[in-house]
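Enquirer: Heads up: the protein sequence lines correspond to chains A, B and C, in order.
With the numbering used here, the residue at position 474 of the first sequence is 474, and numbering never jumps.
Position in the second sequence counted from 1, then plus 490, gives you the numbering used here.
Position in the third sequence counted from 1, then plus 987, gives you the numbering used here.
Source of the hints: derived by calculation from the structure; they are not laboratory data.
Any given hint might turn out to be false.
Each pair of labels, with its calculated beta carbon distance range [to be verified]:
(1) T991/C / V536/B: 47 to 57 Å
(2) S349/A / R1062/C: 22 to 32 Å
(3) D779/B / S2/A: 54 to 64 Å
(4) E1051/C / H868/B: 34 to 44 Å
(5) P236/A / R1062/C: 16 to 26 Å
(6) P236/A / H868/B: 40 to 50 Å
(7) L805/B / D1019/C: 55 to 65 Å
(8) N1047/C / S349/A: 41 to 51 Å
Below, a sample of chain C positions facing chain A; criterion: calculated Cβ distance under 8 Å [what the hints assert, rightly or not]:
(9) Y1014
(10) Q1017
(11) R1027
(12) T1033
(13) V1036
(14) N1047
(15) V1060
(16) F1075
(17) G1078
(18) Q1081
To spell it out: a stretch of chain B is covered by chain A in this simulated footprint if at least three of its residues, at any positions, have a beta carbon under 8 Å from a beta carbon of chain A; those stretches are [claimed, not checked]:
(19) 582-596
(20) 609-616
(21) 886-899
Everything numeric in this text was worked out from a predicted model, so none of it was measured.
A virtual CB, placed ideally from N, CA and C, is assigned to each residue, including glycine.
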Amino acid sequence: MSFTGGTVAASAAALRDGGVSPQELLTEARAQVERVDAEVGAVLTPTWELAERQAADAQRRLREDPGAASPLCGVPVALKDVLCLEGVACTAGSRILEGFHPPYTGTAVQRLLDAGAVVIGKTNCDEFAMGSSTENSAYRPVRNPWDRSRVPGGSSGGSAAAVAAGMVPYSLGTDTGGSIRQPAALCGVVGFKPTYGRVSRYGLIAFASSLDQIGPFAHTVEDCALVYSAIAGHDPRDSTSSPTAVEDPMEALRAGIAGMRLGVPHEYFGEGLEPGVRLAVEEALRVLEGMGATLDEVSLPSTGAALSTYYIIAPAECSSNLARYDGIRFGMRKEHDALLQMYLDTRGSGFGAEVKRRIMLGTYALSSGYYDAYYRKAQKVRTVIAEEFAAAFERVDALVCATSPTVAFPLAAREDPLSMYLCDVLTLPVNLAGLPGVSLPCGMADGLPVGLQVIAPRFQDARALRVAHAYEQATGWHRTRSPLVAAAAA
Amino acid sequence: MSSTATHGTDTLRVGDREYQAVIGLEVHAQLLTRSKMFCGCSAAYVGAPPNSNTCPVCLGLPGTLPVINRQAVEYTVRTAVALNCEIPEFTKFDRKNYFYPDLPKGYQISQYDLPLSRQGWLQFHVDGEQRRCGVTRVHLEEDTGTMYHAGDVLQSATSSLVDCNRCGVPLMEIVGEPDLRTPEEAREYLIWLRRVLMYIGVNDGNLEQGSFRCDANVSIRPRGSDQLGVKVEIKNMNSFRAVHHALGYEIERQRQVLEQGGALLQETRGWVETQQATVSQRSKEYAHDYRYFPEPDLPPLQLEAALVERIRGELPELPDARAARLRRQHGLGDYDAGLLTATREEADTYESLVATGVGAKLAANWMLGEVARLANEHRLPLQQSGLGVVGLAALLRLLEAGTISGSVAKELLAELYRDGGDPAALVEQRGLGQVSDAGALSSLVDEAIAQGSKAVADFRAGKEAALQSLVGYVMKQTRGRADAQLVNRLLRERLGG
Amino acid sequence: MPLTPEDIAHVAMLARLGLSDEERSRYGAQLDAVLEHMTRLNDVDTSPVGETAQVGELVNVWREDISQPSLSVERALANAPAREGDFFRVGAIQE
């Protein structure tokens, strides 16, 4: 039996009933990477030796006490290259971190390791998680497994593609303005961004501190829920991580959605939506209604200002978070006699264009004379946006809409930064309000995947997954696989 | 709040116009916590080998996050309370963004617009007069690393070395109002501020090692004007004396510039000890724009009234109040009370001594005299000496009872301080008891007079001091055990003086 | 309000980004376009609200004052691009 393109749940069952061993899963994963990654470009740093050791450990644990072992034990995973794993190269998709090997492992990753995960490598991403197509990776772009002339989305393009191409059943990505959900939509997989504060950011190379969250990619909502359970929960090393207990999503998953009130945000169905996307999403809404949920139109009037808000706050925070890349304690360095020249040249040549643009934008927004007009104003608009969501959630239990206005676009199609930013109009308001959001496949348009987005109130992560799971089980989209997976079976 | 009294010495003249100096001091004080401000590394970094006291957080490695040290917050609240500050309900941290090799993250986590406290004051003394200087704010931040410049001169160094051991040590910034008018006032303010911080146990007052640092803002203006003159920042003053000299130099420098019709530059100047002058630190082409914004990685602090009250209740008696009480309770003079309350340990020792029954004035004299001398010589405070407070009390009680003479007490003190032992037992064993019997001394007094005819003659001629050699003779004959006062009296009786 | 070349140069220096002339003019134009878009912020009435510096409602998140072991010197310096003895080395600061 082949596990390429399989689920975590299926692997977990087989690992326990003798159908497969961790080493065999690893071998299959490696074979798929070697078969397709030259084309896809998802894996920046493979970690086969580490994975072998982890597979052996997992094997032992499963033998000793299969009941106690986590469902993730022995299952291969890939990690976005902004997540620190001790001793393994971590580049954040940038040249400025070339050669950097963190002396520590981040919390979310450690929780996976503690569960017995088998890490096959670090995945490619937009530099410092800034981008919506993974074309900003300083190393190489990632190609969409559905159509290799197109982008996988970004910034977690590598992690999304690794799952979509059947290299691993799940992966970790990060989402600041849509960087898990949008690539999930474009690659036809499930991508979940938890409530801000649910998953520790300790070990996540920071882009925008008040917006970043770590989350899973997988083929099913259930798999995402499993991974979420393993990584969520308070961490004393992250002062923004929530101390409130994590509601077990697995229970909530089966509850069904009959009687639930689902909101359809008026402003998310505007003219920017491609016709194929609109059709698929509207069909999904009918399915949800057919399952007993009521649909209600709601309004989020400040949606139009969300892009501006995000593109002040995120660059402002990143301009500060990226100041540490100065060639002194780690990373790339362009040597010069004078310190100033070293700073200018190291950062000028170590960072790519998009990163430099955002640092400039953020520095400008925070600079003397402009703080009130830009940053302070943006923080206030952010409050308004959050309050509009809260008001909507008094009438409805969750919101449903498209994840991305378009399907995957060709590489080099969006060279104008502003046009690239527009990819995230439907996802970034969710980060601004710190809400949980999940994207899952809801159809195809011109042969390319379309994603449905479910948004829930803060800390109602289980509810978002429940709606998503119900839709998924009522349709068959979670069974479709990219051509690269089919190629493996052949 | 400005000084209420004016001082003769704060008058300057520029041409025929009277001017006055305006000084504001900014103190950075490291807190005596066990760990750093935002990570678990030890805060006791002095003497640690370079870069041996760091972790991913204080090194600013990618992906790391700060976590606030609760004790550092409490110490800062304690300081704010001791300095009579207002403590707001909400306070938060902000990022101060700039590039420098000793600042790993490229920003310092500090406080900008909602500091932990504001609007306080410090009472201190200058030449016996009470003064008050306003405290603008007390806030909390993290310290930077240290650097070594090739050739020790920053401006010409071709390379520098960075040690991150100190990065992240909790630092309290105390900004004083520009209420000070003379270098003397500035020095006294600092001495008193340091004393308060040491009393409340938040700082160890070590200027040399840099746990207590001071910068000054100095300007001069025509007397009567309420506008501030051009402000010059003075840095690199590493001792109270340096502060005093630097401010004196700078005020005179500014006066001269204005007198010669020149204009003063708003700049930063460093005190150069070897030149005994302030020297301009070449102004940078690019001004610092710190781009402050709220620290997104740290939730704000809500300091409840109950917390502040608990901390207020736990405050020890502050130096000023303690000196006043000692003056009142024990009739001590200003000077002695001031010296005895210079540190909390000294004051505690003194009061323990008096509590055992030793006379207050006697205890003061001995503590400030012989005990201080021995403590200095052996580099050991009384409590750690061979004698301890208990031993000293016993010794002084023997003196008070007249059992031993002053000079015997002095000798014993020196020996016991070093070697320990029981004073009463030693007096007994060695027969050191004072001879206070007039009869026993009578013959020796006669002897002294007999052999000291010149001294006798001088004494009778009116030279009081001449008696000393006769007293000395008797003391020598008795190996210091005679009651000197009694000998004195007997001699005077015999000589009819 | 369009950014002048001086604005761009100033911001690049504040951020210690060494930019070529071409980059400066290209980014300048791109930033202008983005900032143009920012005027949408003014469409939103924010008079009744405060700022959201933090999404969560957390306050007083802190830790006890306990000291933990530090990294060894070797591990602290392991990633150093320029090292002299046990220090990080930098070039002439030239204040």
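Enquirer: So which of those numbered hints doesn't the model satisfy?
Expert: When the structure is compared with the hints, numbers 14, 15, 20 and 21 turn out to be violated.
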